[in-house]
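Chains P and A, in that order, give the protein sequences. The first sequence maps to residues 1 to 414 in my numbering. The second sequence maps to residues 415 to 847 in my numbering.
Incorrect hints may have been included.
[What the hints assert, rightly or not] List time: in silico DSBU-like cross-link candidates among lysine-lysine, alpha-carbon distance up to 30 Å: (1) K385(P) - K463(A); (2) K463(A) - K371(P); (3) K646(A) - K538(A); (4) K514(A) - K145(P); (5) K425(A) - K371(P); (6) K89(P) - K425(A); (7) K463(A) - K89(P); (8) K377(P) - K461(A); (9) K514(A) - K385(P).
By construction, these hints were calculated from the structure, which means they are not laboratory data.
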Amino acid sequence: METPRKFEWKHILFILGIIGPGIITAIADNDAGGIATYSVAGANFGLAMLWTLIPITILLIIVQEMVARLGAVTGKGLSDLIRENFGVKTTFFIMVGLLIANLFVTVSEFAGIAAAGELFGLSRIILVPFTAIIVWFLIVKMDYKKLEKIFLILILFYFAYIISGFMVKPNWGAVFKSTITPTMQFNKSFIFLIIALVGTTITPWMQFYLQSSIVEKGIRKAEYKYSRWDVIVGSSFTNIISFFIIIACAAVLFSNGIMVNDAIDAAKALEPLAGRYALYLFGGGFFIAALFGAFILPLSTSYYLCEAFGWESGVNKKFGNAKNFYIIILFMIILSAGIVLIPSINLIYLILLAQFINGLILPVLIIIILKLINDRKLMGSYANKRWVNMITWTGCALIIIASLSMLVVTIIGP
Amino acid sequence: MVHFTELRGNKIYDLKENCLGRLTDLVFVDGTKYAEITHLIYEDENKYKKKIPWAFVKEFMQDSKGNKTFISIHLNSPVDAITQFFMKEREVLVGDILDKQVIDVDGIKIVRVNDVILGKVDNKLSIVAVSVGALSLMRRLGFGKITGLVSSKIKENIIPWKSVERLEPEVHDLHLKLQKNKIADLHPEDIADIMEDLTHTERILIFNSLNTQKAAKTLIKAGENVQDSVLKSFKIEKVKELLENIPHDQAADIIGMMPKHKAEEILKSMRKETSAKIRKILDYYPESIGSIMKTEFIAIPEDYTSEKTIDLLRQLKPSSDKIYHLYVVNKDNHLVGVLSIRALLTADPISNVADFMKKQVVYARDTSTKETAARIMARYDLYLLPVVDKEGILRGILKADDVLEGYIPKRLKREKFVPLKTKARQNGNSKKV
Chain P
1 METPRKFEWK
11 HILFILGIIG
21 PGIITAIADN
31 DAGGIATYSV
41 AGANFGLAML
51 WTLIPITILL
61 IIVQEMVARL
71 GAVTGKGLSD
81 LIRENFGVKT
91 TFFIMVGLLI
101 ANLFVTVSEF
111 AGIAAAGELF
121 GLSRIILVPF
131 TAIIVWFLIV
141 KMDYKKLEKI
151 FLILILFYFA
161 YIISGFMVKP
171 NWGAVFKSTI
181 TPTMQFNKSF
191 IFLIIALVGT
201 TITPWMQFYL
211 QSSIVEKGIR
221 KAEYKYSRWD
231 VIVGSSFTNI
241 ISFFIIIACA
251 AVLFSNGIMV
261 NDAIDAAKAL
271 EPLAGRYALY
281 LFGGGFFIAA
291 LFGAFILPLS
301 TSYYLCEAFG
311 WESGVNKKFG
321 NAKNFYIIIL
331 FMIILSAGIV
341 LIPSINLIYL
351 ILLAQFINGL
361 ILPVLIIIIL
371 KLINDRKLMG
381 SYANKRWVNM
391 ITWTGCALII
401 IASLSMLVVT
411 IIGP
Chain A
415 MVHFTELRGN
425 KIYDLKENCL
435 GRLTDLVFVD
445 GTKYAEITHL
455 IYEDENKYKK
465 KIPWAFVKEF
475 MQDSKGNKTF
485 ISIHLNSPVD
495 AITQFFMKER
505 EVLVGDILDK
515 QVIDVDGIKI
525 VRVNDVILGK
535 VDNKLSIVAV
545 SVGALSLMRR
555 LGFGKITGLV
565 SSKIKENIIP
575 WKSVERLEPE
585 VHDLHLKLQK
595 NKIADLHPED
605 IADIMEDLTH
615 TERILIFNSL
625 NTQKAAKTLI
635 KAGENVQDSV
645 LKSFKIEKVK
655 ELLENIPHDQ
665 AADIIGMMPK
675 HKAEEILKSM
685 RKETSAKIRK
695 ILDYYPESIG
705 SIMKTEFIAI
715 PEDYTSEKTI
725 DLLRQLKPSS
735 DKIYHLYVVN
745 KDNHLVGVLS
755 IRALLTADPI
765 SNVADFMKKQ
775 VVYARDTSTK
785 ETAARIMARY
795 DLYLLPVVDK
805 EGILRGILKA
815 DDVLEGYIPK
825 RLKREKFVPL
835 KTKARQNGNS
845 KKV
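Pulled out of the complex, with its shape left as it was, chain P reads as follows (with noise of 0.2 Å):
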C-alpha cells in the first residue's frame, strides 16, 4: 500500500506537466474523418448509437495505454522496437502501408479544411495553401513544448461541439436511456457504421504519435503513473465529444428524417434547424479537428518513418540534425494540399484506400504491440500482468474482428 502523501501544489503541477501526448493523441483521434462518421451515425441513426461509445472508450484505452507504457518503459518509439524486435520485413510493410494511408489521410484532413472554410465563405485556392505554410512553420520552428502548448489550445475548440450539443437541446432522458442500453439493428448500413467508428478511433497512426511523443517529452518510468490518466482522460474526452456530436445531429437531423453523408452537409443542415449559431459552432469545430489531423498526421508519418530507418527525429531537433524528419513532414504537407488543390477531385476513392491499408495493418500491429508488452527482456516488471492480458487479449481481438470486417466492407461496399 502506498502512504497517503500530503497535498502538494507542487505536485499537481508536476503531474500537470506530464499530462498532453495522451490527450493530444486522443483528440487528434477525432480529426476530419472521426466527426464526419460520428455526424453521419447522429444524422442516419438517431441515438442508437450511442451505447458503442462506452466500449469503444475502453477499448481505445487499453490500446493507448500500452503504447504509451513501451515509450516511457524503453524510451524507444513504437517504430525503433518494431524494427529492433520484428526485423526488416515486418517493418517494411507496415511501413509503406502507412505512408501511404497516412498520406491519403492527410489529404482528407486538408479537404476538410478546405470544405469547412468553404462554409465560412473562404476560397479554398487561397486557404488551402495558407494552413499548409502555418502548419510547416510552425512544426519546423516551435519545439515540443511550445508545439504541445497550441495543440492544447487548438484542442479548447472542441468544446464547440459540447456547446452545440447542449443548444439542440436534446431529449436528456432519451440520451441517458441509449447511452446504457446496446441496441442492435441487422441491416447492412448499420454495422458498418460501428465498425467504422471503432475503425475511425483506433488508428494505427495515433500509435506511432503517441509513442513517439511520450519518448520526446522525455517521460520515463518514475513518471508513468500519471501518464497513465493522461491516456484515460484523453481517451474519455475525445470520446465526449463524439457522444455530443451524435446527440447535436441525432436532435436536430435524424428527428427531422434528414440523411447527411458528411460533416459539412450536417453543418449545413443544421442552420436552417438549429440557427446560424450552430454551423458557426460545427462548422468551426470541424475546421479545427481538420487542422489538427493536419498536424498530427505528417508528425506521425515522420517519427515512425525515420525511428525505422534509424534517421534522427524530432520537433526538439535542429533542421541540420533531423533533416530527413522535416523533410518527410514537408513532402506529406505539399503533397496532400496539392491534391486537395487538383480541381474536381474525388477524394473518395482515395479515403476508402486509407481506410483499407489502415484495417489490413491495425490488427498486425496490435499484436505486435501485445508481443512487445509481454516481453520481459524489454518490460522488465513493467509488462501486462497475467489477468490484465485476459482484458487485452479480449479487446484486442474485437479490435482486430472490428478491423478486418472493415476490409471486408470495404471492399465488397456497405
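Fit chain A to the known structure of chain P by using the hints.
Below, chain A alone, put in the same frame as chain P:
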C-alpha cells in the same frame, strides 16, 4: 566474405554428415579491433539453442549455385563436445547488432544497421564492417536480385567495424567513432589506413562502396600492396575511370606499377590527350622531376593584358596553390617570365603582362633529379618551381610537397592524426535556437 543475414538459417552438419540444425546466431567478444567470431549458435530440431566454439568448424563453404549463394557449415568434432547455450561476460551476439541504431559522437541518430559483414582477418572469421546502405536493406527484403538488375547505382554503404564502438549492452546502440555525421565523409587517408589491415575481398568491397573521386584519392593514399590488390581485380573500365579522376603524375605512378600489357591496355582505353600526358610522364626516369611534376598548370600568354589575365583566372577558378605564381609563356610555349598575384592586381588593367612580369625565372629541367629541385627550392625559398624541357618549353610545375614526399618513408606518412573524441553522446537533446 559473407553477410551475416545470408549465413543465418543455414544448416549445420556434423562429422557424419548429420544435420544438427540451423545456425541462428554468432558470438563475438566485444572490445577488440576486429571482432573475431568465437562461437556459433544453432537451434536443434527440438528448438533448443546450442553453442559451439567456432574452432570446431571444419568447412565453411560458400559457393554460388546458379544465382543463389549456398552456405553450409561442416563440423570436425562429434556432437557431445557441444555445450548448452549460455553467454559469458563480454560475449555479444552478432544478431544483436542487426537493426540497431547507429549514432555519431554527438549522439545524433544516423542510420540503422542493415547487415553485418564477416570476413577473414588474419585467417580468423571476424566482423569487418556493418552495412547500412540501400543495397543491404533490399537484400534483406528479398529484393536483392531485382535491385541488381534495375540499377547498379544502389550503393552498398558500409561502416568499417574499426570505427564502430558498442555502447553499453543495455542501450543497444552502436556508436560511430568519427566526428563526421556522414559515413561517406571518411577521409581517403583513413580509408586507406583501414584497408591496410584487410584482406583482398574486403578491400574490394570497401572500394566499390566509394564514389570515383574518393576511390581514386584512396587509391593514391593506399599502400602499394593495397593498390596492387585493388588494381588486379578491377576491370579495365573501372581502373580507367579511377585514373582519369586523379592528377596525371599520380595516375602515371599507379600505371607504372602495373604489368606492361595491362598498362598499355588501360592507356589505350583512355582519352587521347590524357593518355598522351601520362605517357610523357612515364617516359621520364622515376627519379627525375618530370615523373613527379604536375602537368596541370596555368600558363599566361605574354600578350595578355592584366585585365584579360584576371578574367581568365575567374573562369578557371584555380586552387590557391596554383594561383600563387603564374608563369608566362610566349607563343611557342617557352617560359619567359613569372607573375606574382600582387603584381597582377596592382598593374594597370590595359598593360601587357610582359611589361610587369619578372623576367628572371628560377626553373628546373625535367630531367634533373628530385634532389636538385629540392636544393633549388630551398635556396630561393620557393614553394612552386616551373619545369622546362631542353628547348625551354614549360612542361609542368613542381610543388614543394611533391618533392618532400620523396624524402619521407611511405609508412610514416600514413601515421594518421586521430581526432579527440568528444564526450557529448547523450541522447542529443539539443534544443532549437
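Hint check: K377(P) vs K461(A), CA-CA at most 30 Å. Holds or violated? holds (20 Å)
Notebook entry, point to check: Regarding the pair K646(A) and K538(A), is the alpha-carbon distance no greater than 30 Å?
Noted result: holds (24 Å)
Margin query: Holds or violated: K425(A) and K371(P), Cα atoms, limit 30 Å.
Written below: With a Cα-Cα distance of about 28 Å, the restraint between K425(A) and K371(P) holds, given a limit of 30 Å.
- Decide if the proposed pair is consistent with the structure: K514(A) and K145(P), CA atoms, cutoff 30 Å inclusive. Holds, at roughly 29 Å.
Check your understanding: Straight-line Cα separation of K463(A) and K89(P) no greater than 30 Å?
Key -> holds (24 Å)
Is the straight-line distance between the alpha-carbon of K463(A) and that of K371(P) 30 Å or less? holds (21 Å)
Pair hint outcome, K89(P) versus K425(A) [Cα-Cα no greater than 30 Å] | holds (22 Å)
Check: When you check the alpha-carbon spacing of K385(P) and K463(A), does it fall within 30 Å?
Finding: holds (28 Å)
Is K514(A) within 30 Å of K385(P), Cα to Cα? holds (28 Å)
The structure fails none of the hints (numbered hints given earlier).
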